[in-house]
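Visitor: Note that the protein sequences, when read in sequence, are chains G and S. What the first sequence shows, in full-length UniProt numbering, is residues 1 to 560, in sequence order. What the second sequence shows, in full-length UniProt numbering, is residues 1 to 98, in sequence order.
Treat the hints with caution; some may be incorrect.
[Stated by the list, open to error] In silico DSS-like links for lysine-lysine, alpha-carbon gap of 25 Å or less: (1) K205(G) <-> K291(G); (2) K471(G) <-> K3(S); (3) K3(S) <-> K560(G); (4) K33(S) <-> K549(G).
Read the hints as simulated data drawn from the structure, not as lab findings.
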Amino acid sequence: MSNSFVELHARQRALALLDQGTTRELIGPFDNMISPHLEPQNIVPEADDGIVIMKGQLDGKDSVIIAIEGAFQGGGIGEVSGAKIVSALEHVLADNEAGHTEYPIIILDTGGVRLQEANYGLLSISEIHNMVIALKQYVPVIGLVPGRVGSFGGMSITNALLSYVIGTDKARIGLNGPEVIEQEAGVKEWDASDKNLIWNTLGTKQRQATGIIDEVVDDDVKAFRTAISAAINENKDSHRDQRGDFYLSLLDQLDPAKPLDIEGYDKLFKAVEVKEHHLAAAVSGSKPGTKSRGRNWFELLTGIKKAQSDVPTVLQAQAGGRQYIAIVPDENNRFPRVRHGEVGLQEGYTVASVVNDLIKADADKPADQKTPIVIVVDVPSQAYGYKEELIGIHMSLASAASAYARARQAGHKVVSFIPGDAVSGGFLAQGLQSNRLVALDDLDITIQAMSKASSARITQRTIAELEEATKHVPAMAYDIENYQKLGSLYNLIKGVKGYDSSDEAVKTVKKALDEAFKSLEGVKPDLSFRYTNDIAVEGVAGGRKATNKVRALMDAQWNK
Amino acid sequence: MEKLHFNYAATEKIAHPVHIGVVASGDLEVIMKPTTNSESTLDIVTGSDGFKEVWGNVLTRFFDRYPLLADFEINDFGATPGVVNLRLTQAMEALKNE
């Protein structure tokens with residue numbers, strides 16, 4: 001008789017995987033660490049905030065299970081739940097660095113960002129990405145997608161960063177859920193009521209055939225234990241975040257103007273001729289590109305007028321000893337879903353190739369001489385489309401996030417300059433892996449996890465109710481000034497707007513960037529600034545107070 | 001969402017805290033903690049408004065049979081009275097383990 005793993009809740013899953021009598025839960029339901037952000041929005045909280053952290057042994061090996069409870073708020077990641085995951089992973093990293101081998105195992109059952117704590121969720125998930133990438137230098141980071149919610153949103157970017165992912169045929173993996181795609185791109189792009197199409201596209205059978213999940217096992221506790229042990233013992237790593245050349249070659253061989261069905265994609269997937277891809281620096285062209293704040297500032301900061309690039313949506317160039325990278329709109333792009341500047345398949349992989357090339361070129365330089373990177377952030381979202389999901393856009397975003405994180409961890413100073421929108425998965429890929437966020441104080445900037453229309457639909461509220469919630473919870477707001485109240489920004493530049501181009505404006509921004517880079521001299525290349533600065537710690541209007549409480553309690557309980 | 005509070009006279013002390021359930025649709029979590037109070041306190045957060053009387057009936061029946069002296073925390077996401085009673089009974093059974 002088999003013991004179903006899928007049917008279990010998060011705590012039971014963690015207990016079932018670990019050897020009996022070896023387990024200890026950290027920050028559990030008796031520790032009173034509940035989300036402070038849900039009750040003000042009339043939402044019932046859970047005592048563990050939907051995350052179970054369990055230390056123990058798996059087949060005699062020290063392990064830490066991080067289990068997401070999919071039945072509570074769709075497994076969404078908020079401030080407390082995110083901080084529990086990040087602080088646990090940090091301790092696992094510290095233990096491994098100190099020579100104590102310990103294996104992290106993440107059970108994904110999540111829709112991604114908890115939309116009721118939107119910007120906290122995005123910040124936390126980027127911090128999870130950072131830790132997963134750092135940990136992979138020591139141990140494989142194993143992921144499980146047993147199924148019920150499956151793996152979606154920003155946590156699917158996490159999924160693509162993991163060393164080895166194991167699931168059942170009851171799970172689905174994607175970035176944007178079909179309902180959100182239908183909301184953003186219309187029912188013709190994806191009919192969210194067509195359940196067969198959803199399962200055939202996102203289900204693990206298709207995902208395994210096209211490299212998105214490594215192993216599909218029976219829904220059985222023992223099968224999972226066996227598969228995890230094998231992955232650990234054989235040190236398995238599918239390097240899913242470093243397949244840019246394969247996917248960029250695949251995209252070269254795809255005609256996005258034509259419909260693509262599953263059969264057609266499977267054929268294409270098998271026939272890809274892999275070629276190396278490197279993006280040359282942008283040069284001055286004869287006609288102006290599609291207008292955007294990102295393009296405006298890329299051109300102003302690099303001095304390249306009417307910048308042109310072989311990939312029209314990705315501009316890269318070095319100027320004044322710094323590497324600048326922007327994702328920009330292109331009104332006639334062959335991929336319709338990126339025409340407004342969204343981060344699509346090609347954009348994520350191309351950005352990753354630029355950063356990976358830079359890491360390689362600077363590999364022999366000492367840390368303090370590696371080329372600093374400025375990420376010019378103006379991303380209205382990731383691309384919402386059927387083809388994007390079928391091919392696996394979450395892996396493209398993961399490649400970009402991974403490249404920026406590895407660059408930073410290797411010693412490149414990385415500053416994000418935000419003159420435009422910074423939304424959702426687009427921001428996770430293009431911006432949130434920097435340890436200094438510098439933004440313009442411009443109320444035209446949207447900074448969030450999801451558009452109001454989609455967020456209202458998914459959280460089953462009206463837009464009016466959603467807007468009411470944004471007044472009480474700064475993390476729910478859509479503007480840069482509320483974002484600053486979280487403590488996330490290093491600097492909010494006053495008096496300059498997204499479309500400014502005066503010498504004075506450029507001077508002000510350059511000065512702010514110089515100052516941000518200077519502040520990175522001699523500091524650890526981590527993401528801690530966001531929750532250790534005064535605004536975050538004091539938390540007058542939110543800040544990262546709960547994050548810091550979780551971190552302190554994890555420190556106290558870890559080695560007890 | 002509505003917050004409810006109840007007190008019940010009770011006599012049987014509990015030795016250790018217990019936790020049962022998840023805040024899933026139609027379900028709830030129940031936490032019982034040992035207390036130094038002379039009566040049981042219940043702090044309930046429920047997603048379904050306007051059911052105070054029903055809660056009172058379910059709890060009165062429970063404490064009539066099992067006068068457990070503890071601090072209760074309950075987070076409820078639309079559980080029926082039958083499910084509430086089931087989780088309370090499961091929590092009580094969990095007290096016997098360990």
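Visitor: Between the alpha carbons of K205(G) and K291(G), is the straight-line distance 25 Å or under?
Guide: 42 Å, violated
Visitor: Can the restraint linking K3(S) and K560(G) be considered satisfied, given a maximum Cα separation of 25 Å?
Guide: The given pair, whose Cα atoms are some 35 Å apart, is violated under the 25 Å limit.
Visitor: Within a Cα-Cα threshold of 25 Å, do K33(S) and K549(G) meet the stated pairing?
Guide: Holds, at about 22 Å.
Visitor: Does K471(G) pair with K3(S) here, judged by a C-alpha cut-off of 25 Å?
Guide: 22 Å, holds
The structure is inconsistent with the numbered hints 1, 3, although it conforms to all the rest.
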